[in-house]
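Put together the whole structure using the sequences plus the hints.
Residue numbers for the sequence shown follow the numbering used here, beginning at 3 and rising by one.
A hint or two may mislead.
Claimed, not checked - In the DSS-like style, the derived pairs of lysine-lysine whose C-alpha atoms are separated by at most 30 Å in a straight line are:
no., residue 1, residue 2
1, Lys310, Lys240
2, Lys169, Lys92
3, Lys265, Lys276
4, Lys169, Lys223
5, Lys92, Lys265
6, Lys92, Lys154
7, Lys276, Lys151
8, Lys154, Lys223
9, Lys223, Lys151
10, Lys291, Lys276
11, Lys223, Lys265
12, Lys169, Lys151
13, Lys240, Lys276
As the list claims (entries may be wrong) - Ranges of calculated distance between the beta carbons of each label pair, as one might list FRET restraints:
no., residue 1, residue 2, range
14, Asp245, Arg346, 54 to 64 Å
15, Gly391, Arg346, 21 to 31 Å
16, Val113, Ala79, 39 to 49 Å
17, Ala213, Ala425, 45 to 55 Å
18, Leu305, Trp46, 49 to 59 Å
19, Gln246, Gly28, 14 to 24 Å
20, Thr33, Lys291, 43 to 53 Å
21, Cys269, Lys291, 31 to 41 Å
22, Arg360, Glu251, 44 to 54 Å
23, Arg96, Pro13, 44 to 54 Å
24, Lys291, Ala454, 55 to 65 Å
25, Pro13, Gln246, 54 to 64 Å
Everything labelled a hint here was simulated from the structure, so no lab data went into it. Just so it is clear, CB atoms sit at the ideal spot from N, CA and C, and this is done for glycine as well.
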Amino acid sequence: MDHALATVPQPARHAAHALAQLVALGRHTVTGLLTAQNRQQQDWTADYRFYSRNRAQPEALLAAARQTLEAALPPLAPLVVGVDDSLLPKTGRRIPGTAWRRDPQGPPFQVQFTWAQRVLQFSAARPLGTEGAVRLVPIDFVPAPTPIKPRKGADAAALADYAAAAKQANIVALAQRRVAQLRTAVPASRSLHVVGDGRYSNRTLLRQLPADTVYTGRIRKDSALFAPPPAQPATGRKRIYGDQTFTPEQLRQAQDQPWQTVKAYACGKSHEFKVKGLANVRSPLCGNKPVQVVVIAPLGYRLRQGSKLLYRQPAYLLCTDASLAVAQLLQEYLWRWDIEVNFREEKTLLGVGQAQVRTPASVANVPALAVGSYALLQLAALATYGDTGQPEDVPLPQWRRSHPPARATTARLINQLRYELWADALRPESLVGFTASIAPDVKPEKPSPHLATAIFYAMN
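Right, dumping it as structure tokens:
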């Protein structure tokens, strides 16, 4: 963390808050962070101003995480980045940047809404071993608010300003601008591969990709695809598209298009996927750029041993690099799932979004600093324990030893960090001031929880 804070103001306060974000018990509010630093009896105004007056610079932590991750990659390997957005639920109606959002956890038969703050995150892939496993590490985290709609009866100028602001605040437009900024930060000698879900596979992003940037994402099964034009007319407008070819669903059903088997790593082991590819075609999403489309057959699975074989829905992928190997394309797309793991751990273990702050700068800086701390924790663990090493000071519970995790989990890393910070202070003699003498004629005390075990194995 020292090199990450070398150029920021107040490096000591940055380090204290970043460390408190990782080890704090309970809710990760600003007061919770101060309590974890043993500063609950001191003035707190400087800490709140640290966030509200933009003295906190979480982008420095995320930039350091990206540079550290790039240094661990081979010189010619691409930087694979997953992009996705998420919601941080809120309760205050006056928190800047919050609005009613569609709840992704609602049932499929009923649209539900939740009051939340929307954020956009980029996570880069750090390979683990040689089998194809990776850990996605956050390298960019920004709020993605939407403008407030004018009241009914507003004048034309206000409506025009709102329309322009809404266009700029579109989540895909924001992702396109962040991709462009990331491309300028990554060395020109390293290509950038962006992987997204269906939301980001549209013209806003695909037609404005920077140079030496490849995008892979899901598309609709009825997306129109065209062959390149056979020839250009001598006069007039140049042709972009030729004859229309298969849609992705028609490609899946085509009997004259054979399936091929490709191995890729997912869910802790290698799987064999059946895929079909259609290369050097053109899509209205990308204009005159040649692309390739890959169809992934549903992967069979069983709910339990001995049950009937079930199948999931097929996946239809579009890649803006028509020459990229299908095996690499598939593997990079499967890596994207780890960004969902990032979001879950950031919300459940680090309490991202729990801070009760009200100024626009604080609403953006508090969760971003927590995400930067999370990124540095992952990279520090890889540097300390290696790709598959595990911390050993806090052993696994008995019920986990027969099936240990394939990699060091974030919860275990946090427990290890707590042990390194607090183990020496949790000696029995340090708690003598809290004990009381017991008269010999009273009943024996009931067993109480063990303090060290309760702390070192705690999960928020």
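Hint-by-hint comparison with the structure:
1. Restraint check: the Cα-Cα separation between Lys310 and Lys240 comes to about 54 Å, which exceeds 30 Å; the hinted pair is violated.
2. Proximity of Lys169 to Lys92 is assessed by CA-CA distance (about 24 Å); at most 30 Å being required, the pair is judged to hold.
3. Distance restraint check for Lys265 and Lys276: the Cα-Cα separation of roughly 9 Å lies within the 30 Å cut-off, and the hinted pair is therefore satisfied.
4. The suggested pairing of Lys169 with Lys223 holds, with an alpha-carbon distance near 27 Å, which does not exceed 30 Å.
5. Of the pairs offered as hints, the one joining Lys92 and Lys265 is violated, with about 42 Å between alpha carbons and a cut-off of 30 Å exceeded.
6. For the given pair, Lys92 sits about 26 Å from Lys154 by alpha-carbon distance, which is consistent with the 30 Å threshold.
7. For the hint pairing Lys276 with Lys151, the CA-to-CA distance comes to about 47 Å; that exceeds 30 Å, so the pair is violated.
8. About 39 Å separates the Cα atoms of Lys154 and Lys223, which puts this hinted pair outside 30 Å; it is violated.
9. Only pairs whose Cα atoms come within 30 Å are accepted, and Lys223 paired with Lys151 is rejected, the gap being roughly 34 Å.
10. A C-alpha spacing of about 26 Å is found between Lys291 and Lys276, which places the hinted pair at or below 30 Å, so the restraint holds.
11. The hinted pair formed by Lys223 and Lys265 meets the criterion: a straight-line CA distance of about 23 Å does not exceed 30 Å.
12. A C-alpha spacing of about 13 Å is found between Lys169 and Lys151, which places the hinted pair at or below 30 Å, so the restraint holds.
13. For the proposed pair Lys240 and Lys276, the alpha carbon gap of about 38 Å is over 30 Å, so the pair is violated.
14. Separation of Asp245 from Arg346 is about 45 Å and departs from the stated range, judged on CB atoms against 54 to 64 Å.
15. Range check, Gly391 to Arg346: about 23 Å between beta-carbon atoms, so the 21 to 31 Å window is met.
16. At roughly 42 Å, the beta-carbon separation of Val113 and Ala79 lies within the given 39 to 49 Å, and the hint holds.
17. For Ala213 and Ala425, the hinted distance range of 45 to 55 Å is satisfied, since their beta carbons lie about 51 Å from each other.
18. Between Leu305 and Trp46 the CB atoms are about 51 Å apart, so this pair conforms to the stated range of 49 to 59 Å.
19. A hinted range of 14 to 24 Å is violated for the C-beta pair Gln246 and Gly28, which are about 59 Å apart.
20. At roughly 52 Å, the beta-carbon separation of Thr33 and Lys291 lies within the given 43 to 53 Å, and the hint holds.
21. With their beta carbons about 33 Å apart, Cys269 and Lys291 fall inside the hinted range of 31 to 41 Å.
22. Separated by about 49 Å at the C-beta atoms, Arg360 and Glu251 satisfy the suggested range of 44 to 54 Å.
23. The supplied range of 44 to 54 Å is broken by Arg96 and Pro13, whose beta-carbon atoms lie about 33 Å from each other.
24. A hinted range of 55 to 65 Å for the beta carbons of Lys291 and Ala454 is consistent with their spacing of about 59 Å.
25. About 59 Å separates the C-beta atoms of Pro13 and Gln246, a value consistent with the hinted range of 54 to 64 Å.
Against the hints set out earlier in the document, violations occur for numbers 1, 5, 7, 8, 9, 13, 14, 19, 23.
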